[in-house]
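Engineer: Residues per chain, in single letters:
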Amino acid sequence: MMLYFARMAREARLQLLSAYENIELAQRVLGELCGSAEIDDETTYWVGMALREALANAIKHGNKLSSEKRVLVHMLVVDGQLQIEVEDEGDGFDPSCLQDPTSPGNLLRSSGRGVFYMHQFMDEVNFCAGELGGTRVELRKQIGARRES
Amino acid sequence: MKTRIRDVGGVRVLDLEGKITIGSGDVELRKSIEDAVTSGHNNILLNLQKVTHIDSSGIGEMVGCFTTMARKGGKMKLLNLTPKINDILQVTQLITVFDVYDSEPDALQSFKS
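Order-wise, the sequence lines are chains A and B.
Per the working numbering, the first sequence starts with residue 98, numbered consecutively.
Per the working numbering, the second sequence starts with residue 3, numbered consecutively.
FYI, nobody ran anything at the bench for these hints, they're computed from the structure.
For each residue, glycine too, the CB sits at the ideal point set by N, CA and C.
It is possible that part of the hints are untrue.
Using 25 Å as the maximum straight-line C-alpha spacing, the simulated DSS-like pairs for lysine-lysine come out as follows [what the hints assert, rightly or not]:
1. B:K21 with A:K157
2. A:K161 with B:K33
3. A:K238 with B:K33
4. A:K157 with B:K33
5. B:K114 with B:K86
6. A:K238 with B:K21
7. A:K157 with B:K4
8. B:K21 with B:K4
9. A:K161 with B:K21
10. B:K52 with B:K33
A short, non-exhaustive set of chain B residues, derived as facing chain A with CB atoms under 8 Å [to be verified]:
11. T23
12. G25
13. S59
14. G62
15. T69
16. N88
17. Q95
18. L96
19. V99
20. V102
21. K114
Please model the complete structure; the sequences and the hints are all you need to start from.
Structural biologist: Here is the structure:
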């Protein structure tokens, strides 16, 4: 269930309950925003995957699937850049604790790749304390023009 | 995610379609593989041709199933990676872990060697 939704031509704000099905909703909104901004399909796909990882972390690790906690999402296209912020109401997160999933000892671990993928799919990934007391992840990507088919 | 199950020459082939992502496809993938193992299939081939999205949770399930199968003396291999899934496996270097095939006959034959 989505608690709040506002979208202008190049900006969208969402308030989501901590449920995985809302990841689909948010990715759909991002897809529409990217379409409005004429962002090419390849970029749209990968930023969508980065958004999915950020939301999965917020819902699972941040809010621990609590139905009483929200996830705030802000998407903005400005100055040739797509900016996405995802904020949870969890206890905070220290990204320095993350291990490299490509190191031989971690290769066969069944978790620990989400943040790594965000870094791969975006130009910039930052973690900071959010206004709700949890974690805010900021994702940025320079955007290209839509390819002519 | 949709799963079509085929048994071909002693290999359980799972034709997967859609998203293998957190909360839906990842759980279904695990269940399909658990069902295969429970019914005595030690050789599993995942056909990913129609998989549109796979996230870190889906990748984690694949890795978990791969190691579980290996511990039981079985094998899990991958067939028909899309370019995007190939990219996802490349960046995490998991492409070096999985046996990957572009041809189903070749993949099926490999279980016999």
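Engineer: Next step is simple, just say for each hint if it's right about the structure.
Structural biologist: Verification of the hints:
1. Restraint check for K21 (chain B) and K157 (chain A): satisfied, since their Cα atoms lie roughly 18 Å apart, inside the 25 Å limit.
2. The hinted pair formed by K161 (chain A) and K33 (chain B) meets the criterion: a straight-line CA distance of about 23 Å does not exceed 25 Å.
3. With a CA separation close to 36 Å, the supplied pair K238 (chain A) and K33 (chain B) exceeds the 25 Å bound.
4. Only pairs whose Cα atoms come within 25 Å are accepted, and K157 (chain A) paired with K33 (chain B) is accepted, the gap being roughly 20 Å.
5. Among the hinted pairs, K114 (chain B) with K86 (chain B) is inconsistent with the structure: their alpha-carbon atoms are about 29 Å apart, more than 25 Å.
6. This hinted pair checks out: K238 (chain A) and K21 (chain B) have alpha carbons roughly 24 Å apart, not beyond 25 Å.
7. For the hint pairing K157 (chain A) with K4 (chain B), the CA-to-CA distance comes to about 24 Å; that is within 25 Å, so the pair holds.
8. Only pairs whose Cα atoms come within 25 Å are accepted, and K21 (chain B) paired with K4 (chain B) is accepted, the gap being roughly 9 Å.
9. Of the supplied pair hints, the one linking K161 (chain A) and K21 (chain B) holds, its CA atoms being roughly 23 Å apart against a limit of 25 Å.
10. As the CA atoms of K52 (chain B) and K33 (chain B) are separated by approximately 19 Å, the hinted pair is consistent with the 25 Å bound.
11. Here the hint on T23 (chain B) is kept, as its CB sits about 7 Å from the closest CB of chain A, short of 8 Å.
12. Because the closest C-beta pair between G25 (chain B) and chain A is about 3 Å apart, less than 8 Å, the hint holds.
13. Look at S59 (chain B): its Cβ gets to within about 6 Å of chain A, closer than 8 Å, so that hint holds up.
14. Taken as an interface hint, G62 (chain B) checks out: its beta carbon lies about 4 Å from the nearest beta carbon of chain A, inside 8 Å.
15. A distance limit of 8 Å between C-beta atoms decides the matter here; for T69 (chain B) the minimum to chain A is near 5 Å, and the interface restraint holds.
16. For N88 (chain B), the shortest C-beta to C-beta distance to chain A is roughly 14 Å, which exceeds 8 Å, and the interface hint is violated.
17. With a cut of 8 Å, the hint placing Q95 (chain B) at the interface with chain A holds, because the nearest CB-to-CB distance is about 5 Å.
18. Restraint check, L96 (chain B) versus chain A: the minimum CB separation of about 7 Å is within 8 Å; hint holds.
19. With a cut of 8 Å, the hint placing V99 (chain B) at the interface with chain A holds, because the nearest CB-to-CB distance is about 6 Å.
20. With a cut of 8 Å, the hint placing V102 (chain B) at the interface with chain A is violated, because the nearest CB-to-CB distance is about 15 Å.
21. Below 8 Å, beta-carbon pairs count as interface contacts, and K114 (chain B) has none with chain A, the closest being about 25 Å; its hint is therefore violated.
Hints 3, 5, 16, 20, 21, counting from the list given before, are not met by this structure.
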